[in-house]
Every structure is written in structure tokens, then in C-alpha cells.
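A.B. asks: Listed here are the chains, written in short residue letters.
Protein chains: 2
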Amino acid sequence: MSRTTTIGVIGGGQLARMMYAPAISLGVNLRLLAEGPDVGAARVIKDVVVGDYTDDATVREFAAGCDVITFDHEHVPTRILRDLAAEGTLVRPGPDALEHAQDKLLMRQRLTRALAAPAPIWRHCPDAATLQRFGDEMGWPIVAKASRGGYDGHGVWKLAGPQDCNQPFDESKDASAGELVEIIGEEFIDFARELSVLVVRSASGQAVCYPVTETVQREGVCRETITPAPGLAPARAAEISRLGLDIADELQVVGVLAVELMQRRDGSVVINELAMRPHNTGHWTIDGAHTSQFENHLRAVLDLPLGDPRARDPWCMMVNVLGGGVDDLTSELLHCFARDPRLRVEFYGKQLRPGRKVGHVVCYGDDLDEVRGRAQHAARYLMGEIREG
Amino acid sequence: MSRTTTIGVIGGGQLARMMYAPAISLGVNLRLLAEGPDVGAARVIKDVVVGDYTDDATVREFAAGCDVITFDHEHVPTRILRDLAAEGTLVRPGPDALEHAQDKLLMRQRLTRALAAPAPIWRHCPDAATLQRFGDEMGWPIVAKASRGGYDGHGVWKLAGPQDCNQPFDESKDASAGELVEIIGEEFIDFARELSVLVVRSASGQAVCYPVTETVQREGVCRETITPAPGLAPARAAEISRLGLDIADELQVVGVLAVELMQRRDGSVVINELAMRPHNTGHWTIDGAHTSQFENHLRAVLDLPLGDPRARDPWCMMVNVLGGGVDDLTSELLHCFARDPRLRVEFYGKQLRPGRKVGHVVCYGDDLDEVRGRAQHAARYLMGEIREG
Numbered sequence: 000m001s002r003t004t005t006i007g008v009i010g011g012g013q014l015a016r017m018m019y020a021p022a023i024s025l026g027v028n029l030r031l032l033a034e035g036p037d038v039g040a041a042r043v044i045k046d047v048v049v050g051d052y053t054d055d056a057t058v059r060e061f062a063a064g065c066d067v068i069t070f071d072h073e074h075v076p077t078r079i080l081r082d083l084a085a086e087g088t089l090v091r092p093g094p095d096a097l098e099h100a101q102d103k104l105l106m107r108q109r110l111t112r113a114l115a116a117p118a119p120i121w122r123h124c125p126d127a128a129t130l131q132r133f134g135d136e137m138g139w140p141i142v143a144k145a146s147r148g149g150y151d152g153h154g155v156w157k158l159a160g161p162q163d164c165n166q167p168f169d170e171s172k173d174a175s176a177g178e179l180v181e182i183i184g185e186e187f188i189d190f191a192r193e194l195s196v197l198v199v200r201s202a203s204g205q206a207v208c209y210p211v212t213e214t215v216q217r218e219g220v221c222r223e224t225i226t227p228a229p230g231l232a233p234a235r236a237a238e239i240s241r242l243g244l245d246i247a248d249e250l251q252v253v254g255v256l257a258v259e260l261m262q263r264r265d266g267s268v269v270i271n272e273l274a275m276r277p278h279n280t281g282h283w284t285i286d287g288a289h290t291s292q293f294e295n296h297l298r299a300v301l302d303l304p305l306g307d308p309r310a311r312d313p314w315c316m317m318v319n320v321l322g323g324g325v326d327d328l329t330s331e332l333l334h335c336f337a338r339d340p341r342l343r344v345e346f347y348g349k350q351l352r353p354g355r356k357v358g359h360v361v362c363y364g365d366d367l368d369e370v371r372g373r374a375q376h377a378a379r380y381l382m383g384e385i386r387e388g
Numbered sequence: 000m001s002r003t004t005t006i007g008v009i010g011g012g013q014l015a016r017m018m019y020a021p022a023i024s025l026g027v028n029l030r031l032l033a034e035g036p037d038v039g040a041a042r043v044i045k046d047v048v049v050g051d052y053t054d055d056a057t058v059r060e061f062a063a064g065c066d067v068i069t070f071d072h073e074h075v076p077t078r079i080l081r082d083l084a085a086e087g088t089l090v091r092p093g094p095d096a097l098e099h100a101q102d103k104l105l106m107r108q109r110l111t112r113a114l115a116a117p118a119p120i121w122r123h124c125p126d127a128a129t130l131q132r133f134g135d136e137m138g139w140p141i142v143a144k145a146s147r148g149g150y151d152g153h154g155v156w157k158l159a160g161p162q163d164c165n166q167p168f169d170e171s172k173d174a175s176a177g178e179l180v181e182i183i184g185e186e187f188i189d190f191a192r193e194l195s196v197l198v199v200r201s202a203s204g205q206a207v208c209y210p211v212t213e214t215v216q217r218e219g220v221c222r223e224t225i226t227p228a229p230g231l232a233p234a235r236a237a238e239i240s241r242l243g244l245d246i247a248d249e250l251q252v253v254g255v256l257a258v259e260l261m262q263r264r265d266g267s268v269v270i271n272e273l274a275m276r277p278h279n280t281g282h283w284t285i286d287g288a289h290t291s292q293f294e295n296h297l298r299a300v301l302d303l304p305l306g307d308p309r310a311r312d313p314w315c316m317m318v319n320v321l322g323g324g325v326d327d328l329t330s331e332l333l334h335c336f337a338r339d340p341r342l343r344v345e346f347y348g349k350q351l352r353p354g355r356k357v358g359h360v361v362c363y364g365d366d367l368d369e370v371r372g373r374a375q376h377a378a379r380y381l382m383g384e385i386r387e388g
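Chains as they are written, first to last, in numbering that gives the first Met the number 0: chain Z, 0 to 388; chain S, 0 to 388.
In case anyone wonders, no lab produced these hints; they're calculated from the structure. Keep in mind that the hints are not guaranteed to be accurate.
Pairs count within a copy or across copies, as identical chains cannot be separated in the list.
[Unchecked claim] Mimicking DSS-like on lysine-lysine, the simulated pairs with C-alpha atoms at most 25 Å apart in a straight line are: (1) Lys45 - Lys172; (2) Lys349 - Lys172; (3) Lys157 - Lys349; (4) Lys157 - Lys45; (5) Lys172 - Lys157; (6) Lys356 - Lys45.
None of these values were measured; they are calculated from a predicted model.
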């Protein structure tokens, strides 16, 4: 390949945006298929096509100029990707893997059958009556999940009793936009905390695993991560890493696989869901690991050997910044940088709408309490929650 | 500033290119004035104007759309920058500082008078006869330098005796392109090694200093850096840091100031030259320091508080990659990344002409010999000098 290699990225959010720095370093061209000219990644990436990723012709034309296709999100219709792959386009991760991140029912079925992977007790519920029977058997509350289209807490319902069982079917119908959405009933897990493990697998099958991360969600949105997960028993960390590697291998994932887990009070874990792209719970790796999830995702997609996923410091904490509290993030850095010369920030180039993830901060160091205090202060300041040091 | 801040960068080489990643992270727009559409930075930066930086109208029009102007190189005519600054444009570093990086005679005069800064014995030589007298007094060989336009060893002559004294005047006339070029005679320093210290100073006057770096030049081109400079006495390192900070303050530099030094066998140092922009001897900071020189340059230019310049590991080594030995750098990464999962690479997006700097590699760690071996192997491999592990 004496000409420059082009990686096509579908979706113009912050994940595509954060892929750009390692693409520049590696000397590869990133071509973006963006929802609009003003989305976060389209503001900085040079080679941008604006178009609809649900339109066959748009995606096909975009792919024709790329050596390989990858993703900022999981919403490209599987049908389009299957056609592309059948025509010889390198789609990484491929549609057979990706649909397990798109479809939670398929994911539960496959991981249960092939790997007996730890999961909440679950059942496919074609109707409200089946869901109610499942709840009566399990004891209430239970959880219902839409098989497709969920994100940041959408598409998940906690059901207190039989009277709630129509809600998932009513609300998922509204959101389904033509895709077939199924409802899964799941045992309610009164978890102690949430964990995440990120695996990166290359096209040739090499895989690396980042340290297991504790994630703090509020209202379904990832707000903080701590790496490594504090107090996690080494044997449990090894079990979780093996689980991540097994899933990546079973599904033949290429690129980042994020496995979100719930940890019970007895220490055992169950899989919550999968993502196949760089993940919010891996943003710490930009500053905290030898090789970031974004660089390793690109390497995996290019089938280059993967970089060291280990952490450079004993503790690393990421806190997301939500919009709404301040008018301009960059000018707020005056305080934040003066207070903490080791603070790392990443802004996503988005409009600062309330509640929207518009950036994150990262701190690393030897002492968890100190690291946590610095990171939380900076994020709260950038959200306008505090106005002095 | 509720709209996005725009930093204008004049010059489209690798330094502008490497400013882009931190600009994206900080949420600021980088607008480039590039020599052509295909230069390294113009290939990746979205907001590019192609034009001639020696043309008043071009630079003025470019500056009109920017909140502040900074540089990839020191070749913009001082006259243009003075006019811009007089009209109220923020030019950082300003022309009064910058001319000390553009004009070696001015630099020697100012640093000698204001700071009694350590320098080789030097004399302004208006003609060959004066240069010959200087050589006769000093003893041969001596060094002659053109006051302007030198880079990578050009504009520097080692003179063995009186017979060589016309050469600097003849050759600098050819290269002067209308700028007044003076010749400086300098004592020949039979140095033990070369060192570099990078200071970053913000518009408000805050300054930070990176660890002193040993630099290895071949044929006038920086080939390797080792940080910190091995075996440098702590008192000497402190003296060099103070010298850098004093120069930045004396010249009111805004942004990165690189002070290149020669170290004699007795340990004492003399200043070789100055640069006021991110510098080849600071590329290690991208992977090796808490805050890179590129991010700190942008912060300085934006007058934001500066980040921690300290190294994250005991040793960090950078080796430049020169073009000519391989057809495609990215594909050569197959070997390099497989051999060393912690290898860091940065490619400059340039055509791979022989002898041209087209990228660099960085390794860091606890053991200098191990770090050096990894970095040198990778760079040699990427230059096509070796073909097995």
C-alpha cells in the first residue's frame, strides 16, 4: 500500500472525533460519513461526506472510497452491511459480530448457548402476558429491555408489578422506526456496582484486554470510571478478562469490544450489554494507558499488531462533562488548569445542550482519593456546579 | 468567548500537524496558512488557507479570521508581523521576540548584553577580511554563521583557515533572497555533546521548563533525543533551566522557546541557537511528558495556565525517521508494532524523499539501554536499514 490507507468511519460523534488523533499519528486517512456538517467529528476531520447511514446507496458510495469501514455507533442497518461485506468491502467489526451489539436478544441467546456466559435470568417475551408470567415466576420487580435501539438508559424499564407490563411494548413500538423490536424480560439485579471490560481484537485474531474498570452511571448515562476497579479480587479480574476475550473470539469481533457488567454484592458478575466500538468506559486510556482504545481500534481494523493496553499509573479516573452549566468550555479551563497542571481534558465539539455529554476529564496518579478529588472537581467546575477552588 | 476560539498557524509542516490533536482536545479551532494543499499539516487540518506567508495581503487576510496567530516556522517576514501587531492582531510569539530566533546576530547581541548568557566567543564580521582577522586571533578552525535563513545545518560553515573566509559571504548571498544577511564569526567549540532546553511561556508570563534533553545531530539534522540528558549534574541542569527561563522572560517569548546548547568536555555550556515554536527536541513530550510541548504551546498562545512539563517515566528517547528507505511507513508498522507493543510513532504525512524527516518514534521506560535499543531499532527499520528483528 504505497498510497495512503483510508479508514471509513460511519457516524460523526465523539468516538469518531477521538479516533482522529491516532489516525494522524499512524499516517492513515480517516474518511467520515457524518449525519451533518456540524457534528463533533465533522468539525475537525478533513475528509467528510455528509449523508444518511440508513440509505443503501449513500453507504455504498461512501464505502467505495475506503479500504475498510468501521463505526462510531451501532445503528447502521445490518442488511446494508451484509450487502457491503458480500460485495467484498472490509467491514470491521463485521455484520455477524455487530448484530450482537445491535440486538440484545440475539446477544443473550448466543452468549448463553455458546459460552454459558453469566447473565441475569432472562426470557424472550413476545407479549405482555408472557412478561407478566416471567415476573410472577421471578418475583417483582423485573427488568424489561428492548432488543434494539436502546442507549443511555432508553429502552430499559424497571417493572414493579403486572400493571407495568404493557409499557415496554407500547414505548418500544413508538421508537422502533421499522426495525423489529423484541422485549426481553430479565431478573432484576440489585447490583453493588457496574464494571466494564474492553477487549480489542484484530482482524487476524490477536486480542488484548484493558484493565477492568468500575463505571458509575446516573440515569443510564456513564458519568465516571475508575481504573482499575477498586477492590476487585485478582481472580475475579482474571475471570472477567477471560470472559471478554472469549466473547470477542466467539463473535469474531474486530476492533473494540466493550462488555458492560453488573457485579452482585457477593462479587459475582453478569453481563449487561455489549458495544463494538470505542466506549465511554475506555476514554481513560487516551491519557492513562500505553495505547489508547482509539489507536488500538484503528490498529485492529487495519490488522496491525495491537499496542499495550496496560495502565501507566496505579489509578486513572475519567469523569464526563455534561452540557448546560457553562456557556463556553474552553474559557472555563482558566480555573481548571491553574488548579491542576496534570488535568487532562477532551472536548467533543458539540453544542452545550443540558444533560448532553460534551467532554470528559481524566486524572491519574498514585492515590485514588486524590485522583478522584481532582477529576470530580474539574468536571463539576466545567458543568457550572461550583465556582471556586 | 462563546463562539469557538480560532488559532491561526502560519506554516504547514509537521509542527502545525502535531498541534492539531491538542487543539481538538481543547475544543479550539486551528486555522492553517499552508504553503500548498499537500503539505503535512494541510492533509489533516480541516480549516486550511493556501497562500504565501511572505505576502502582506495574504497574511493580513488570514489573520483577520483568527483570534491569535502563531507559527510552524520562523520565516514570516518581521515587517509583516510588526504591521499586524500594530493593527491589534495578537501575534504570539510577537515580532520583537521572534526576530531573536530569525536573526542570530541580534540574538548574540541581545543575550550577551542583557543576560551575559554563555556563548562561544563571537564577532560580527561585515567582510571576509574581518572574519580572517577573527580567525587569526582565535586560532583556526573557526565557525561562520549566516545571521538569517539557516536551518538543519545550512548557513553554518566550519572554516579551516584564511582560504575559506570568502565562502560564507559567497554562499549566503545566494540564499539571502532579499533579506539582509550578516556573517558572524564564532569560536569553534569542540563540544562533548549537544543539549536542548524547552521553556514555554504564556502571554501572562507564566513559564514552565521541560527536563534538559540530550540531542544527537548528524549532518546538522536532529536524529535522536534522550531525556533527561544522561549524566547531567543536577546543578548544571538547574543552571540550564534558569538560563532558558531567563531568556524567555528577557525576550518576552509567548509559546515554546527552544534553547539549543553545546556542552564542553568540562561540563560548561554555550548557547548555539534559539527557536520559538515547538521543536524537534521536544517531540518526546507527546508520549513522555504529562503535557506535550504542542498542547503547552497552544495553552501559552491562548493565555491558559500551562500544563505539567515533567516526564512520566525515568527515560524517554525519540528517534527521527528519515525518508528514502521504504515505500510506505504504515505497512512497515506490522513488524515494528509486533516487536514492541509500547512503541509510539508519529508520521508527518510527507512524501518520503531521501533524507527528509518524515516521522519519529518514541520509547520510554525505566532502563535507558533498553529504551534506546527499542527506539533505534524501530527507527532503523522504518528507514529500511534492517529487515529482521
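A.B. asks: Taking the numbered hints from earlier one at a time, note which ones the structure violates and give those numbers from smallest to largest.
C.D. replies: 1, 2, 3 and 4
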